[in-house]
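Build the complex: two chains, separate frames, hints provided.
Quick note, the sequences are listed as chains C and G, same order.
According to our numbering, the first sequence is numbered sequentially starting from 1.
According to our numbering, the second sequence is numbered sequentially starting from 654.
Don't take each hint at face value.
Among chain C residues calculated to face chain G with C-beta under 10 Å, some are [what the hints assert, rightly or not]:
no. : residue
1   : 54
2   : 211
3   : 437
With a cut-off of at most 20 Å between alpha-carbon atoms, the simulated SDA-like pairs for lysine to any residue come out as follows [to be verified]:
no. : chain 1 : residue 1 : chain 2 : residue 2
4   : C       : 206       : C       : 183
5   : C       : 153       : G       : 946
6   : G       : 898       : G       : 729
7   : G       : 941       : C       : 13
In silico contact screen, one side only, chain C against chain G (beta carbon under 7 Å); selected entries [as the list claims (entries may be wrong)]:
no. : residue
8   : 34
9   : 75
10  : 113
11  : 337
12  : 463
13  : 486
It is worth saying that the hints were derived from the structure and are not from the lab.
Ideal placement from N, C-alpha and C gives every residue a C-beta, glycine not left out.
What follows is the residue order along each chain.
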Amino acid sequence: MATIDLASVAVREANQRIRDLAAKGEDIEVVNPDARHHIGVGLVRPVKLRIRGSAGYFCAGLTDGPRVEVDANVGWGLADNMLGGSVVVRGNAGAIAGVAIRGAEVVVHGNIGSRAGQVMKAGTLCAVGSANFMAGYMMYGGRIVILGDSGEKVGQDMTGGALFVGGRIQSLGTDATLTDMTEAEDAEIRAFLERYEIPFKGKFQKIVNAGKHLRYPRTEPRVRVMPYTVAASNDYWNARVREDIHVKAEIGRYRIRGYGAGRPLPHLTDIAFRKDVSAFDVPTDVIERVNMGTTLGDRFGAKPISLSMPVMIAPMSYGALSKSTKVALAMASRLSGISENTGEGGMTDAQREAAKTLIYQCLSGRLGWNIHDMQRAEGIEIYISQGAKPGLGGQLMAKKVTKEIARIRGIPEGIDLRSPSRHPDVLGADDLVIKVEEFREATGYRIPISVKLGAGRVRDDIKIAYKDGFDYVSLDGLQGSTGAAGHEVLEYVGIPTLSAIQEAMDALDEVGGRNKMPVVLMGGINDGVSAAKALALGAHAVAMGTSVLIAGGCIACLQCHIGHCVVGIATQDPEHEKRYNVPVEAQNMHRFLEHVRWQLAAVTHSLGYTDPHQITRDDLVALTPEAAAITRLPYVPTRRDGPVRSVKQAAAE
Amino acid sequence: MCGIAGILYKRKGASADIGKSLIDMLDGCQHRGPDSTGFALYHEDAKDDEFRLRFLVGEGEAAKQAIDRIRDKLAEFQAVILEEENVGSTYRVLVRFRGDIQRFSYAMEHAAKVISIGRSLDIIKDIGGAHDVDGTYTLNSFTGSHGLGHVRLATESDVTPDRSHPFWATGFSDVAIVHNGQITNYWKMRRRLEKRGFEFVTDNDSELIAVYLADKLAQGSTLEDALKTSIDDMDGTFSFLVSTKDEIGYAKDRLAAKPMVMLEDEDLVAIASEEVSLNKLFPGRALKTYEPAPGTYRTWQRSI
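Chain G with its partners taken away, still in its complex shape (with noise of 0.2 Å):
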C-alpha cells in the first residue's frame, strides 16, 4: 500500500543531490501514501570499522532511557561512540565496532528499537509526507551516490515511525529495501531462516525481503543472482528496490500487479512506482520511460 523510488547515479565519482532527488521524487507519489515517508541513504566516507546506528528512541524521558540502554549496550561490546545524535525521535551514532556485526546487531535490538545500522546505510523514516520528513531530519542537502525512498499507506497496522519503510536487512550490514505489494508466503519464508538463527524484529514482509537478500549475499551470491532466486521464492505481488553500498535494484512479481516505471540513461538510472515522480527530476520534459516487464530483475552498480 505504497508508493517506492529509487536512484542511481551512475559517473565516476557523482555526488549528486540524492536527498533532494529523493524528497521530489516521493512528493511526486505522496498521493500513493500520505502517512509516512522514509529514506534509505547511504554516506560517501565509509569506513571498515566504523558503523552508523539509528535507533527509534521516541521523546523525552523515554528517549533519555533508551539512549541511556543503547551506551551501555555499545559498552558491552566495546564499540566507541564517535559522533552522536539525537534528532526526531531517533538517536543517531556512529561507532568504532570490530566484531560480529549480526550479533551485535541483534544485542542492540534488545537496547532500542534499530531503524538500521550500516558502515554507509543510514534510514531515516518517519510520519507525514517527504518535506515533513526533510524538516525534521534535513535531508535536502544530502549529496550520494544512490538512495531509496518509500511513502506509506498504513491500512492494516498503526502510523507510527516504526511501522514506516525502508526496511533494514535486520543483522546485516547496509542493505535496505523499499516494497510495494505483499508476500504471501511470509511466514514459510521467515521460519525458514529463523531455523538458521535469523532473527525478525517485525511483522512486516518487507523485513524478511530484505533479510533474505542479506543473507544470499552474505553466502557470495550477487545482488543480480539474489533477486533473481527471490521471484521464484516469493509468493504475491510485489515491486521492490533493494540498496547495498554500491548496488540498486529492482524485483517485480510475474503477475506485474504493482506498478513500476524506470527511466535510464547515460547519467542515472531512476525507478518509481508512477511515472509522475520521474517527472518531478525533469519537470516539463517528456522522457523516455519504460516499464519493466513481469518476472524481471536487474541491478545497476555505483562508479567508484
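With the rest of the complex left out, here is chain C (with noise of 0.2 Å):
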C-alpha cells in the first residue's frame, strides 16, 4: 500500500499520484486529508483508497469502482456521481451525499446532511445514523436506507427508486408516499447492512414516489402545422395566437412547445456594417484569403479547442433530438472542421465517433452524465441555463421518454421529465468554483471548462464567470430554440441575444477581464453575416443550432415537444426517424455550414481584413432606435441610401 501526505503534497498532484498507482493496481493510504476537497476524484480503477481523517467536498466524486474509505467526516457531495464500487464514511457526511450516483454502494456511520441522494439514479446510499431534509430530493432511482429518523420532507418530488427508514418519518415530501415492503427488499437490506457489518434489528418504513406529479393531467394536443414566418407575423391576433388561446382553453396550463421566441425582437439584422460590403468584388478565393482558425479554451492552461473557423454546433440533446440527428450534426461538425455539444441527454458511442470535436455538457439533473464520457470529450460544459428558459431546466415529454432515452439517462420511462432549475451542488459563486475544481480534477487539467448562461442577469453572470475559473463562456440569448418550454418563458423571460453581448462585454470591460475570457454567442445567430456582427460586437466564436438543424431537413413546424416530429429530427419514434437519412442530411448542414465560412470570410475580406476577429465594432451601424440604444452603436438607419463613404467623409461633410 502507498501513502501520500497531504501535508506535503497538493491534492492536485496527490490525484495524479492515485491515478498512477491505481493504474497499477495498487492501493493508497492518504494522511493528514484536513478535509481538504476533490481527494480521489476521477478515480476508475478498482483499488482501495484509505482516507485517515476528514476529507473535504466531493470526496471520491466522478468515480468508478474504487473502494473508498474515509475515518472521519466528508464535506457536500460525497461520492457525487459515482457510478460503481463503494465509499465507507465512519463520521458524518455534510450536504447531497450520494449525489447523483448511479450503482455505487455510499454508507455513513454518523449522519447525512440534506437532500441526500439528490438526483441519483442507481445504487444504495445508508445512513447509519439520521438524515436532514429533503433526502432522496428528485431521485430518478436506486435506494436510500436511512437507520435513523428521515428528516422533513423526505423523498421530496422523488420520481423514482425507494428509501427505507429505520427511525422516525418526520414529514413526506411533495408526491411520495408510504407503501408495504415485500420480504425480500427486506432481506436484502439486511443482507446489505451485514456486509458492511452494522447491526440492526428494527423495522423499516418504505417510501416511494406517489405517481402524482410523473405526468401532466392533458398532453398538449396536436395542432395544424403552422410554419414560422406565419407564426411570427405581427398582426395582433395572428394564427399562433388564436391557437394559443384554444390550446389554453383545452389543458388548462401553460403551454409547452419547441422552438424559440415568435416575436419580432432586436436582432443582429437591425445592425449593418458601416462599409457598404456589397461595392466590393469578393475574390472566388476569399476563403483562402481570409484566416479562419479560432482557438477557445486555454486560459488556465488546457489543451484548447481547436476550430476551422469561429462556429460551433450549439447544444442539444439526444433525447430533444433523434440519435441519427446527432449522428448527422457530429458528422457535418467534423466534415466543417467545428464542434458539436452533447446537451443534456449524454453522449453516445456513435456521436462520440462521427464527431472530432465534441463538447459534453452536465446538467442539473446529470443526466447521461458520467466520468468515462467526461474523460473521452473535448470540453466539458457545466449549464446553468439557457436563452430559451432562463432559469429552467430541460424538459422531455413523455413521448420521446423511450426505453432507450431513459437508459442512457438513468431514470423512469414515460415520465414527463422536469429536469431540475439548478445544480444540487451549485447553490452560488462559491460552490461553483468547487465544482469547476472538481471537474479539472477529473479530467487531469487536460480540457477546457466552459460555462452555458440563458441571458438573464448577463453583467453579473459573466462577473461570476469570470471569477470562478472558466475557459470560455456560451452566452446564449432569447432567440435560441429548445425542444420543449413552456410558452410564457420562451417569449418573455430571457433578453435578446443583441443585449446579451453588448452586457457581456461591459461587464468583463468592468473587471478588466476582456480578451482573456472568450464569449461564445448563440441565440438566431442563422448565417455568417450575422455572425460577423457579433464577433464585431465582441464575441470570440458563434454557435448555431437551429439553423444547422434547418439545414438538416427541419421544417420548422414548432411541434419538437410532441415527439411525432415528421422528418425524423425531434422523434424517439422509430418509424419516423427512420426517415431521416443521416448521410445525405449531414453532407446538407456541411454545405451550409461552409456556406457560413464564405459568408464570414467576404464579410471580412470587404472590410479589409485578413481574420474576421479583426473586425470590431467600429465597423458597425445601428439601422434602428432600438439596437442603437442597445448596443450603444451609432444610429444611421439612411447608410444604405447613400454612395459608398466612410463615417469620417460624412462627417467632413
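Here it is as C-alpha cells:
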C-alpha cells in the first residue's frame, strides 16, 4: 500500500499520484487529509483508497470502481455521480451525500446532511445515523436506507427508487408516499447491512413516489402545422395567438412547445456594416485569403478547442433530437472542422465516433452524466441555463422518454421529464468554484471547462464566470430555440441576444476581463453575416443550432415537444426516425456551414481584414433606435441610401 | 459568495491567539473568496467611555484630508483622541467620548467611511488574502477571547476594502457580522428600519443583518432571541455569524443552502463554512465536527 501525505503534497498532485498508482493496481492510503476537497476524484480503477481523517467536498466524486474508506467526516457531495464501487465514511457527511450516484454503494456511519441522494439514479446510499431534510430529493432510482430519523420532506419530488427508514419519518415530501415492502426487499437490505457490518434489528418503512406529478394531467393537443413565418407574423390576433388561446382553453395550464421566441425583437439584423460591403468584389479564393482558425479554452493551460472557423454547433440533446440527427450533426461538425456539443442527454458512442471535437454538457439532473464520457470529451460545459428558458431545466415530454432514452439518462421510462432548475451542488458562485475544480481534477486539467448561460442577469453572471475560473462562456440569448419549454418562458423571460452580448462585454470591461475570457454567442444566429456582426460586438465565436437543423431537414413546425417529428429530427419514434437519411442530411448541414464560412470570409475581406476577429464595433452602425440604444452604436438608418463613404467623410460633409 | 469563520475560547481569562487562529481558518477557505479578507477582533481592555474607531481613508493626500476631517468631527463631538494610527488604507483612533453613540456614529460617517466603532471591537478588512491583510495590519499577534473572519469573492460589486466583510452594525457599538448568502427581502427590511431612524451606509445585506440584530439587542433582547427572530424575518439563503463584545452566535436559514461546520469542546467553539478551516487549527487530527441543522441558531458567551 502506497502512502500519500497531504501535509506535504497538494491535492492536484496527490490525485495524479492516486490515479497512477491505481493504474498499477496498487492500494493507497492518504494521511493528513485535513478535510481537503476533491480527494480521489476521477478514479476509475477498482483499488482501495483509505483516507485517514476527514475529507472535504466531492470526496470520491466522479469515480467508477474504487473502494474508499474515510476515517472521519466528509463535506458536501460525497461520492458525486459515483458509478460503481463503494465509499464508507466513519463520521458524518455534509449536504447532498450520494448526489447523482449511478450504482455505487455509499455508507455513512454518522448522520447525513440535507438533500442526500439528490438526483441519484441507481445504487445504495445508507446512513446509520439520521438524515436532514429532503433526503431523496428528485431521485430517479436506486435506494436510500436511513437507520435513524428521516428528516423533513423525505422523498421530495422523487420520481423513482425507494427510501427505507428505520427511525421516525418526520414528514413526507411532495408526491412521496408510504407503501408496504416485500420480504425480499427487507432481506436484501439486511444482507447489505450485514455486508457492511452494521447491526440493526428495527423495522423499516418504505417510501416511494406517489405518481401524482409524473405526467401532466392533459397532454398538449396535436395542432395544425404552422410555418414559423405565419407564427411569427406581427398581427394582433394572428393565427398563433388564436391557436395558443385554443390550446390553453383545452389544457388549462401553461403550454409547452418547441422552438424559440416568436415575436419581433431587436437582433443582429438591426445592425449593419458601416461600409457598404456589397460594393466590393469578392474574389473566388476569398476563403483562402482569410484566416478563420479559432481556438478556445486555454485560459488555464488546458488543451484548447480548435475550430476551422469561429463557429460551433450549439448544444442540443439526444432526447430532444433523435440519435440519427445527433450523428448527422456530429458528422457535419467533423466535415466542417468545428465542434459538436452533446447537450443534456449524455453521450452516445455513435456521436462520439462521428465527431472530431465533442463538448460534453453537464446539467442539473446529471442525466447521462459520467466520468468515462467526461474523459473522452474535448471540452466540458456546465449548463446553468439557456436563452430560451433562463432559470429552468430541460423538459422532455413522455412521448420522447423511450426505454433507450430512459436507460442512457438513468430515469424511469415514460415520464414527463422536468429537469431540475438548479444544480444540486451549485447554490452560489463559491460552490461553483469548487465544482469547476472537481471537473478539472476529474480530467487531469487537460480539457477546457466552459459555462453555458442563458441571458438573464448577464452582467452579474459573466462576472461570476470570469471569477470562477471558466475557460470560456457560452452565452445564449432569448432567440435561442429549445425542444420544449413553457410558452410564457420562451417568449418573455430571457433578454435578446443583442442585449446579452453588449452586457457581457460591458461586464468584462468592468472587471478587466475582455480578451481574457472568450464569449461564444448563440441565440438566433442564422448566417455568416450575423456571425460577423456578433464577432464585431465582441464574441470570439458563435454557435448555431436551429439554422443547422433547418439545413438538415427541419421544417420549423414548432412541434418538437410532441415527439412525432415528421422528418425524424425531434422524435424518438423509430418509424419517424427511419425517414432521416443521416449521410445526406450531414452533407446538407455541412454545405450550409461551408456557406457560413464563405459569408464570414467575404464580409471580413470586404471590410479590409484578413481575420474575422479583426472586425470591431467601429465597423458597425445601428439601423433602428432600439438596436442603437442596446449597443450604443451610432444610429444611422440612412446608411444604405447614400454613396459609399467612410464615417470620417460623412462627418466632414 | 464567500467563506466565514468564527472562534470563541471559553476558558476563563482566556487570552488566546485569536489573530493567528482566524488567519489560519481563513487561509483554509480562501478558495471561497480570494478577493478580500476581513477580521472582527475584540480588545480585552475595554473602558466604558473609550471607543475604538477605524475609518477607511485611502492613501496619500486623500488620506491626509480625510484624517483632518475626522479630527474636526471628533472635536465637534468633544471626543478626545488618546491614540491614533494610519495603517494600510485605514485610520485607527482611540477616543474618550461620552454621549449618544448612534448620533456620533452617523456624524462620523460624514467625515470618512467608518469601518467600525466599538468599545472593544476593531474591524480590519482589505483586499487580498488572509496573509496579505496580516502583512499590512499585523494581526498574527492579536490575542483575545473571540472574533470573526471572512473571505470574499466579489461577483457583483467591485473589489474594494469598503465592500469587504465583516460588517459593523452601523450606529451600534461592538456588533459585527460575517455572512454567506443573500437576503432577498433586503429592501423591505431596510425600509422598516429606516422608518425608525436608522441609517444605512452601504447597500450590503450583511449590514442589514448587523443593524437588525443590534437593534434587537438595544431593545433588551438577548442575542439568542434576536437570532431566533432573524430566521423568521429574513428571507433568502444565509449562514451568518454575529459577535458582540462578550458573545458569538450563528443563524442558518431553513433551506441550508449555505454550508457551516462546527467544532465544539470544553475549551472552544469554532465555526466555519468548511471543515477544512477547522482542520487548519488542528492539522492532522480527525475532528468531531457537525453541521448545524437548517433553521437553527445558537450563541456562546465568553467567561469573564
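Do the hints match the structure? See the list:
no. : hint            : verdict
1   : 54              : holds (6 Å)
2   : 211             : violated (26 Å)
3   : 437             : holds (8 Å)
4   : 206(C) / 183(C) : holds (12 Å)
5   : 153(C) / 946(G) : holds (14 Å)
6   : 898(G) / 729(G) : violated (27 Å)
7   : 941(G) / 13(C)  : violated (28 Å)
8   : 34              : holds (4 Å)
9   : 75              : holds (6 Å)
10  : 113             : holds (5 Å)
11  : 337             : violated (36 Å)
12  : 463             : holds (6 Å)
13  : 486             : violated (23 Å)
The structure shown violates the earlier hints numbered 2, 6, 7, 11, 13.
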